[in-house]
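Residue numbers (the numbering used here), protein chains in the order written: chain A, -6 to 354; chain B, -6 to 354; chain C, -6 to 354; chain D, -6 to 354.
A few of these clues could be false.
Which copy? The list can't say, so a pair holds if one copy fits it or any two copies do.
Okay, derived cross-link-like pairs now, DSS-like style, lysine-lysine, Cα gap no bigger than 30 Å in a straight line [claimed, not checked]:
id : residue 1 : residue 2
1  : 1         : 67
2  : 190       : 156
3  : 188       : 67
4  : 1         : 354
5  : 167       : 305
6  : 354       : 67
7  : 314       : 354
8  : 91        : 274
9  : 91        : 67
10 : 1         : 305
11 : 172       : 190
12 : 274       : 314
13 : 305       : 274
14 : 67        : 272
15 : 1         : 176
16 : 188       : 274
17 : 190       : 91
18 : 314       : 67
19 : 158       : 274
20 : 91        : 354
21 : 354       : 274
22 : 272       : 314
23 : 188       : 91
24 : 1         : 91
25 : 305       : 272
26 : 314       : 156
Read the hints as simulated data drawn from the structure, not as lab findings.
Protein chains: 4
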Amino acid sequence: MSSSFGEKVKISIFGQSHSEVIGVVIDGLPVGEEIDLAAAQRFLDRRAPGKNAYSTPRKEGDQVRVVSGLFDGKTCGAPICAMIENTNTRSKDYAQLKDMPRPGHADFTAEIKYHGFQDYRGGGHFSGRLTAPLCFAGAVCLQILERRGIHIGAHILSIHEGKDKSFDAVGITKEELAKVIAKEFPTIEDSAAEKMKAIIQNAREGGDSVGGVIESVAVGLPVGIGEPMFDGLESKLSSILFAIPAVKGIEFGEGFGVATLFGSQNNDSFYIEETGAIKTKTNRHGGSLGGISSGMPLVIRTAFKPTPSISKNQATVSLQKGENTVLSVTGRHDPCIVPRAVPCVEAAMAIALLDLYELFK
Amino acid sequence: MSSSFGEKVKISIFGQSHSEVIGVVIDGLPVGEEIDLAAAQRFLDRRAPGKNAYSTPRKEGDQVRVVSGLFDGKTCGAPICAMIENTNTRSKDYAQLKDMPRPGHADFTAEIKYHGFQDYRGGGHFSGRLTAPLCFAGAVCLQILERRGIHIGAHILSIHEGKDKSFDAVGITKEELAKVIAKEFPTIEDSAAEKMKAIIQNAREGGDSVGGVIESVAVGLPVGIGEPMFDGLESKLSSILFAIPAVKGIEFGEGFGVATLFGSQNNDSFYIEETGAIKTKTNRHGGSLGGISSGMPLVIRTAFKPTPSISKNQATVSLQKGENTVLSVTGRHDPCIVPRAVPCVEAAMAIALLDLYELFK
Amino acid sequence: MSSSFGEKVKISIFGQSHSEVIGVVIDGLPVGEEIDLAAAQRFLDRRAPGKNAYSTPRKEGDQVRVVSGLFDGKTCGAPICAMIENTNTRSKDYAQLKDMPRPGHADFTAEIKYHGFQDYRGGGHFSGRLTAPLCFAGAVCLQILERRGIHIGAHILSIHEGKDKSFDAVGITKEELAKVIAKEFPTIEDSAAEKMKAIIQNAREGGDSVGGVIESVAVGLPVGIGEPMFDGLESKLSSILFAIPAVKGIEFGEGFGVATLFGSQNNDSFYIEETGAIKTKTNRHGGSLGGISSGMPLVIRTAFKPTPSISKNQATVSLQKGENTVLSVTGRHDPCIVPRAVPCVEAAMAIALLDLYELFK
Amino acid sequence: MSSSFGEKVKISIFGQSHSEVIGVVIDGLPVGEEIDLAAAQRFLDRRAPGKNAYSTPRKEGDQVRVVSGLFDGKTCGAPICAMIENTNTRSKDYAQLKDMPRPGHADFTAEIKYHGFQDYRGGGHFSGRLTAPLCFAGAVCLQILERRGIHIGAHILSIHEGKDKSFDAVGITKEELAKVIAKEFPTIEDSAAEKMKAIIQNAREGGDSVGGVIESVAVGLPVGIGEPMFDGLESKLSSILFAIPAVKGIEFGEGFGVATLFGSQNNDSFYIEETGAIKTKTNRHGGSLGGISSGMPLVIRTAFKPTPSISKNQATVSLQKGENTVLSVTGRHDPCIVPRAVPCVEAAMAIALLDLYELFK
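Okay, chain A solo, but in the shape it has when bound (with noise of 0.2 Å):
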C-alpha cells in the first residue's frame, strides 16, 4: 500500500489536498499508552501555516479528530483513526492546473499515471498537506518514544545562503533539542534564524522561493535497533523521509562528507566509559553502523527544494492544446517550507523508529 508505512507499526494516511477530509490510520501501537491529545496538536500547530511572515497565509486550521483506536485516553489494541476536516480549501484556485502542469510539481506525472483521473485541485494525495496527518501519527510515536527513553528534535541547518551552526553529534542533550525545537523558528543561533526569515521576506517580494537543510537529531536510542539490510536505519529513515515532498537528498552522521576523508579520519574509535557503556569518540557515523543504533546520537541531514509554486512567470505545456504556454501560478503558497517541514521530520523519524523498536523488542 503505497500510502503506508511500517511493519508492526503501520500508519495508513489518505486524503487529498481538497478531499473532505484527510487524516491516518495508525496500527501496531503498544496497549496500555497513554496519548496526550493537547499535546499531539501542539506538535502538529508546528507545521501550520499562517503563523508569521514568512509561510502562506493560508490558515489550515488542523483540528485533530481522532474517532477510534483509544479506551480512556489509552492505546488499546485496536487502530487509532485521526481526521482533519478540510474547511479552508479554494478548489477554484486550481482549476488551470489540470491543462497546465506547474514546473516541479507531480501535476504532470500524476496526470499521465492515473490516465487523467488525478485529482489535481492542490496537489491532490501529492501535496505537502498529507504531511499533517504524518505530523499527527509522528506525536504519537513521539509520545511512546519519550517514554522509552528517545527522544527527537531538529532545526534548520541552512536556508539557501543562510547557515545555522550544527549540532554537537557526540554531546547534543535532549533538553537542548528541546530547547531548540521550542523557538517559533527552530535554529540554534537566533542570528541564523534573522538572517533566513530576511532571505525568506526577500524571495517572496521576489515572486520567488527557497530551498535548505533540515538536520535532525534522536538520542537516547540504546544500542540495537535496526534490522539488517533493507530494513537498516538509513533505509526505513530515508524511505519514510523522502515521502515528504520536495526532499532531494538525505544524509547520515558525516554524509557526502565521507567522500572525501581517509578511513583513519572516518573511523569512530570506541572507548569505554566510566559506566562501562562503549561509544565512540567522535560521531561521523551518525549513530548507525551496519544499519543498526550504535547508542551515538543518530543524525540527518535532509535537503528540501525551494517550493516550486512561484508567481515569476514560468514556461510549461497546455496538455489539452498540446502547445507551450507560460503560466503564473496564483495562491497562497509558502515562500520555503523548510520552517513548516522540521516537524514533519522530526515525525517521520519518530514513526520509523517506533516501527524498529518495536521489531527489535
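Chains B, C and D: place on chain A using the hints.
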C-alpha cells in the same frame, strides 16, 4: 523480512560472509523472460575483487548456480534461486573480532543486537559479500528492463579529491551509458580514472582507505513509474541503496544543491518536443516529480565512506575484558570499495525499478 | 497490520463497536472507476440489523460518508476513506463484561492479550460491527469486478436443521445470483426461508441462538486468477472469510465431502465447448485448481456458529474476584447472525478477488 | 511474494518438482536458538514417500543441506537457507502433460496463467514436492515452539470410510501427541490404521485414489496469541494450510458442526481451576476466540482430496489440437497422500504459530 525487498518483484537474500553458500530468491518476475545467465555472470564479475592493484587480492570466485525458477532458459512463474558457494574464506583471520569490534563496522552493533550469537566472521550477514547475490538479482532485473527500453548505468563521480565530470542529466543516452560501464574503471574521463587509481594506491600504501561518490542514471523510463508517498521513486530507491554497506548519503537530481537555489532556478520548465513528447529543458529534478518518473533521465548520487577495515592501528574496546585496547585489522581488504560498488548501485536500481514498473503496469 | 488485508488492493479497517467512528481505508484501486455510492449504501443496508423479527432490534443506521479518494465520482489514485459515525451505542449495557467474559466471545482473550486495556464495550475491535466497513469496501470492489464480468452472490444454505438446496456449481449464472441476493431473506427455495425464519424465531423465544452455513459463488472469473502457494485462491479467501466473526469452517467445491470420494469420482474431466472454451463437466474442485481459477464457478461454503450472546444463564468467571459466577447477557442481540452475514461473505470475496485480479493483471 | 509466508518469522519457498534444487529461506527467527538438524531431518523423513505399500515407490531422498543462518549450531540473526537437491526425477514421465492437463491438477490453470511458460514437469512449482521445504521450515519452528512449551501433533482422522476416533479436545496432552506422531501410520486406534491401509491398498489395486481428513492440535499455547481480524489464528492458519496441495476444507473446533447447534450448546463455559487458571469445560471453540488463543488446545481438521493422478483413463483435452481426448496418467503416484500430509499439517501450524507468537511477544 529485513533481508527481502520488493512488493511485486521480491528478492530475499541469504547468507553470511563465511556461510557455506550465499544467494538470493527472486519471486514475482514476469514470466516468459529469457535470462542470459552468462551475461548475468559477467555483470556479477564487475564487482569481483582481486582484479587489479586497487582492490583486495582475495579471489572470491563468485560463480552463480541457478537452481530453480527457469524452464527452457525462461522465467516460468516459480521463484528463481541463485546460489554462490563460499569457497575462499579464511575464518581464522576474524577470530579476534568477536572480542574487539572494528571501528566503522557492524561488529559492535550486531554483537549487542544478537546477544552474542552474531556470526562475527567477516561481518556475517552485514558483510559487503552479500552484495554478490544483490548484483545477480539486479542483472536479472536489468535484462528484463532493457527489453522494455530502460537502461541503467553508473560511473565513479569522485574518489577522495579525484573528480570525474557528471553525466549530462538531460541528454545522456543508453549508448553513452554502455560505453562508460564497459570500462574496467568506469569514469567518463579517462584522466579522472588515472587520478583516482593513484589516490587508491596511495591510500593502500599508507595502510589507509578512501571513499567516494557514484553517480547513476536510468534512461528510458516511461512517465508514471513510482507510487505515491512511501513507495515513490526516491523512497524505494533510497531504501535499497542504503542497504549497500558503506552508503552514507543519497541525492536525486540537484540533490543537496537545491538548498541554495531559488525556485525560479530550480524548477525545470516543461516544453513539447516535435514528437509531441513533453520534456523538461533542464533536469534538476533528476527524473522524479512527486516520486513519479517524469520521462527525463533518473539521476542519483550515492556517497560511500572509506573502507573501515584499515591496517593502521585504531582505538577500540575489548568486549570481554571491558577495557580500552588497540586493534590492527589484518586480512585482505579493499582500500576503496567504490569501484566494486558501481555494479551494486546499478543492480539495486534495477531491482527497485522493475518492482515499481511491474506494480504500475 | 492485522486489521489490513491485501497486497495490491488493500483495505485497512478501523474502529471499535463503540468508538466515535468506524471505517475503512481502501488503497490501490484501479483509477477512473466510477463508484455508485448509493448502490454501495444499498449493499451495506443488506447487513443492517433491525429490519425484521429475526434480527436484533438495534438500529445501527450505517450511513457511509466517503471523505477521500473519489474525484468527480471516480477513483483517482488516492486512497478512499469511508466512515460510519456510531450513533446508537449503549455503553452501559456492557459495563459488567470487563469483569465477566461472555462464553464464546473474544472478551476473555482480548482482555488478557491487551493486559486489561481492551475496549471491552460491545466487543471493541472484535465486534461484528466492524463488518460494516468490510461490507462497504466489498461493495466498492464488487462494482469494479462486475465491470470486468465477475459477479458474486451468496445464499443461506442452512440454519440449524433448516436446509436450502445448493447452487448448481456448474451452471449457475449471474442472473440467478442476482435473483437470490435480491431476496430479503436470501435462499433459493422460499420454503427454506420460511422454515429458517421459524427456527430463528423459536431460538429467540427460547433465549437461545442458532448457527448456519452460507454458500457463495463467484462467476465470470477468467482462468488464471490466484497466485501460487500462500496467495492461492483458497488461502486468500479463507484468510479474509475467517476474519468475519463466528466463522468456524470454510470449504471449497466438494469440501469435506472429498474425504469420502475416490479420485475417479472427484476429478472433474476437462472438455472443449463449441466456443473453444475449456470447461469441466462437473465442478467438485469448486473453481480452483492449484489455488488458481479454472474458469468454472468458484464455490465456497462458510460455517457460522450460533451467536454467543444469549439471554440464557451461562457459567463464566469473575476476573476481578477470581471466582466462578453466572452471567446473563442482556442487550440487543441477533438470535442468528447468518442472514446478516450474507453480504459480509460476498464483500470479503469481492475484496480478495479484486486484489488477486489486480495482482494477476 | 506468493511463495513466502509470515510477518515476523518469514519463509520463502523456491523450486519446482524437477528443478535442480528445492528449498526454503527462513528469516526472522529468534536468535540463539539451537537447531537440531538431525531431528529436523527425521521430521522431514516422516513425509518421505517410498516407505511402504501405501505410498508411491519413488525414493525422494530428501536430504536437507543447511547452507546459511546457523553459527555454532544456533540461529544467529541471518536467514537460514535449506536446500534439497532433486536427484530422482524422471522428466520424461511428464512430457505429455504440457498438452493434456490432468483432471484435478494445476496443469491447466498454470499453463493458462503463465502463457505456456509454466514448468509443467511434475506440476512445477505447484507440486506436492514443495511441501518438503515446508516441512523442514516447520521442523525448525517446532523446535523453537517446544522450548516455549508449545507442542503440535496430528493424526489421520479418516481415509474414505475408515475412521479414527478424535483427540480429546479438552484434555489432550503433549505426551499423547508424541505417542501418536511416533507411529508409522499415525492414528489413535491401531485398528483404524489397519482399516485405512486396506482402503488405500484397494484403491491402488483399482488404479484409483482416496482422500481423508487430518486432525491436528497445538497444546501449551498461552492466552493471547493471534492478532485481530485478518491476522487471527484461523486466518493465518487457514492461509498456510490451504497452501498444501489437495486441501479443500478447514475447520476449527466444532467446525461445520456448529451450524446445527444452539448457542447454549456451542458456547464453552469458563471456570477457574484450582491453579487460578481460567479454562473452558468443553472446547467446541477449538482454542480460538476472536482469532486469539484461549489457552485451550487448538483443534483443526483439514480435508484432503483423493490424489488426482490415477491410472484409470480420464477424459481431458489436448490443448494443442483443441480437441477432447483421453488421458492415462503413468508415473509413480500415491493412491492417498493423507499419511504423508500429516507432518505437512504439523509443519504449517508450527510456522504460523511461531510467527504469531513472535508478533505477540
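Hints broken by the structure, by number, lowest first?
3, 5, 10, 15, 16, 17, 23, 26
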